[in-house]
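Work out the full structure, taking the sequences as your base and the hints as a guide.
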Amino acid sequence: MCAMAVAPGVFSGWFGHGDPRECTLERSGQGPAAGHPFGFDIQGCDLYSNVVHGTRDSLTIGLLATGLSFAVAVVLGSLAGYFGGLVDQVISRVMDIFFGFPLLIGMIVVLQTFGVHDVWSVSVVLALFTWPSLTRIMRSSVLAVRSLEFVTAARELGAGTLRILVRHVIPNAIAPVAVLTSLSIGAVITAEAALTFLGVGLTAPAMSWGVQLNAAQEYFTEHLNLLVFPALFLSVAVLSFVLLGDCLRDAFDPRSR
Amino acid sequence: MLAVPGSSGAVRRAVLAVGTAALVATVGGCGGGAGRGPVAAADGGSFSVGVPAWYVAHLTPARAGKSSVAEAVWTPLTRVDKDGRAVGAVAESIRSDDNRHWTVRLEEGWTFHNGEPVTAQSFADAWNAAAYGPNAMPYGYMFAAIDGYAALNPAEGRPTAKKLSGVDVVDAHTLRITLTKPLATFPYVLAGTVFAPMAKAAFKDLTAHDRRPIGNGPYRVAAPGLRPGVQEITLERYDGYAGPAGKAARIEVKSYQDDATAYTSFQAGAVDLALASGHRLARSQRTRPDSTEAAAVGGVSYLGFPLWDRRFTDPRVRRAFSLAIDRRSISRSLLQGLAEPAAGIAPDAVVGGGGRTCADCRYDPKEARRLLEEAGGWQGALTLWTEQDPLMQTVLEAVLNQLRSNLGIDRITIKAQPTEQLYPNLAQHKANGPFLLYMGAAYPALYAQAEQLFAAGSATNTTGYRGARFDALLDRAAARSGAAGSALARQAERAALKDLPLAPLYHPTTGAVHAENLTGVRLDALGDVRLPGIGIR
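Chains as they are written, first to last, in our numbering: chain A, 809 to 1065; chain B, -17 to 519.
Hint data in this document are derived by calculation from the structure and do not stem from the laboratory. Any given hint could turn out to be false.
[What the hints assert, rightly or not] Label pairs and their in silico Cβ distance ranges:
no., chain 1, residue 1, chain 2, residue 2, range
1, A, F907, B, D291, 41 to 47 Å
2, B, Q239, A, P840, 32 to 38 Å
3, B, G115, A, G839, 56 to 62 Å
[As the list claims (entries may be wrong)] Selected chain A positions facing chain B (in silico; Cβ < 8 Å):
no., residue
4, L833
5, S836
6, P1013
[Said to hold, decoys possible] The following residues of chain A were derived to be distant from chain B, with all beta-carbon distances above 10 Å:
no., residue
7, R835
8, I850
9, V882
10, V898
11, S948
12, A962
13, L991
14, G1007
15, A1023
16, T1029
17, S1043
18, L1047
19, S1048
Where is the CB? At the ideal position from N, CA and C, for every residue including glycine.
What follows is the structure in structure tokens.
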């Protein structure tokens, strides 16, 4: 799947010309034909190569958004957990505000105010609403780690706050949040598809599974293939990331092995 | 009216309630089959219609705009007959020697729904209220052609007058109207429901009137009218109507967010009549041809060019874009035949329309590429704009694909905005690329369409086009009636399209779907149904 995202051209050429931009309106909505295993979309473009090329934007958004929220979660979570007090209060209350928001509605509202809907803006908005749950996990695991003996020992030895955080606390507290992050990649990809389906995410001519599903919603009673194939790829991708998350958890947590 | 299949008790009560001995004949099974369907009865029966929400958002002539509901509730001075001529409705005659000073004789015997007679004064009152700036009527601008409009709508400060100086009530049944300049198509203008009369009682409480108007049309809005939060009104036939009476005794009007949801409701059997377009209409034509009506509408979908943008000042660039678009395959394949490739701004359905006035509306990718190269090629990104409408966006994607493959422009994006954002953005010259829009003629005459799209003062002149030759020809067209006026309007159209401020793409076909036992469903030149003519079999 990742190989597909990096080099879609290799895969999309398997059956036919493989150019997702080469469209003939005469073939609008036609079923599978030689060289076009998935048929044609409503614009008369080859659906297979479109779905393959769609992998890139969908996965990029998934990785970018979770990467951003992971970074924010690690920084804010360890600050809140390690220092406690006022810092914790401020960060936790901000998180509470975000928790109080209905996620999808919040994202729709924010995206509506954005002028451009590209990979970056959609990722940032998705990250904006996924960081609080990750941060909360990070905070609680830092809370557990900071009172352990080796942290106290490091402090007694005269190590600086930054050094303790970076060298001792974070490496020991990061495992749960890393697992959760990989699990949420799938959720973010789905959220992107949902937002785009609702018309506030990416817009054509960008190619993502959400865009293809959005285009299909008007026509799926007549052309089922338009809906099925992007949805199939989407499900497989989400499933792979969930499994990846499971593997990571096993790797980090030797007890469950 | 409350007949549900299988509940004969309800049927019996409903029949007793209307006091007739009629048989409740067919309880229609439409679409999904679970709905109650139209009800036939000796008094004409009843049916329900699904309409877009704006049809019933306001019920004052100059707030409501033209819709099938407005046309059922009001009858203005004239109407456009099926041959596309403006003929008298409330007016007995309408005359002018110079197309500027008009004398209208009203027929006697017309009354409002509250029994008040319709007089010249009722028209004058309604028009003065509509044009009066502080009343802020959305369609008040349509009175700009009448003398004295400027005094009621000063650029700043309070208006100095309360009445249009160009509207003169001679006696109870004679109205004299003076326009700012000659307009031969003025009888067509008067056919719009915005120019409908208002009863004296209406002015006591304009807000209440907006929810339950006192009209003079074949149907009246039943009590309690439009209630906040309720998406439907009931129309009852008005028995004192002086024109041809409506066929059905009652029409239930249910409003929906858009045509698509109305169509879905129709499929579910919740309404008996709904407008349809795009692939829904195409599918309905295939699956239920007997209960689908389709007709070409008097409008055009066009790709407008931002003339304020340096990159589009060279006419060769605009011609290249126009020549690179394959109108035929968009109409035939993408729109499944529910459109006619355009070579002008108005189709046959419009008086004077249908001329092949646009020389660059061919498909010639080679010539397009050559012209673009001659003009210096294309550098940088291109953004295409359109309304937030699934069908428009699909068409624009096809245009995008063609521009990319035929002109070699690689970085193209689409930007879709709601109409209430898009038009101001165009007016303020904020759009930075061509835009796909639809423009329907205000009334079915080529002059109206040309004026809307290209005249300097028009709010819908989205491209900001100014053409001296066009202006001169259009002024001459305005002053001439009949075929001579149409010919001049066509010359004006040709002059404007030679400069190509916009590229006409196609004339869409719109349609309506109805329950099988509805009869007389016809679409007018602007693509709407005429409710009074619909009966139940």
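Results of checking the hints against the structure:
1. F907(A) <-> D291(B): 41 to 47 Å: holds (46 Å)
2. Q239(B) <-> P840(A): 32 to 38 Å: holds (35 Å)
3. G115(B) <-> G839(A): 56 to 62 Å: Holds - the Cβ-Cβ distance for G115(B) and G839(A), about 59 Å, lies within 56 to 62 Å.
4. L833: holds (4 Å)
5. S836: holds (5 Å)
6. P1013: This interface hint holds because 6 Å falls under the 8 Å limit.
7. R835: violated (8 Å)
8. I850: Incorrect as stated: the minimum Cβ-Cβ distance to chain B is 6 Å, not above 10 Å.
9. V882: holds (34 Å)
10. V898: At about 37 Å from chain B, V898(A) clears the 10 Å cut-off, so the statement holds.
11. S948: holds (43 Å)
12. A962: holds (53 Å)
13. L991: holds (33 Å)
14. G1007: Given a closest Cβ separation of 7 Å, the condition is violated.
15. A1023: A1023(A) is in fact no farther than 10 Å from some Cβ atom of chain B, at 7 Å.
16. T1029: violated (8 Å)
17. S1043: holds (25 Å)
18. L1047: holds (30 Å)
19. S1048: It holds; S1048(A) is separated from chain B by about 30 Å at its closest Cβ, greater than 10 Å.
Comparing the model with each earlier hint shows violations of hints 7, 8, 14, 15 and 16; every other hint is respected.
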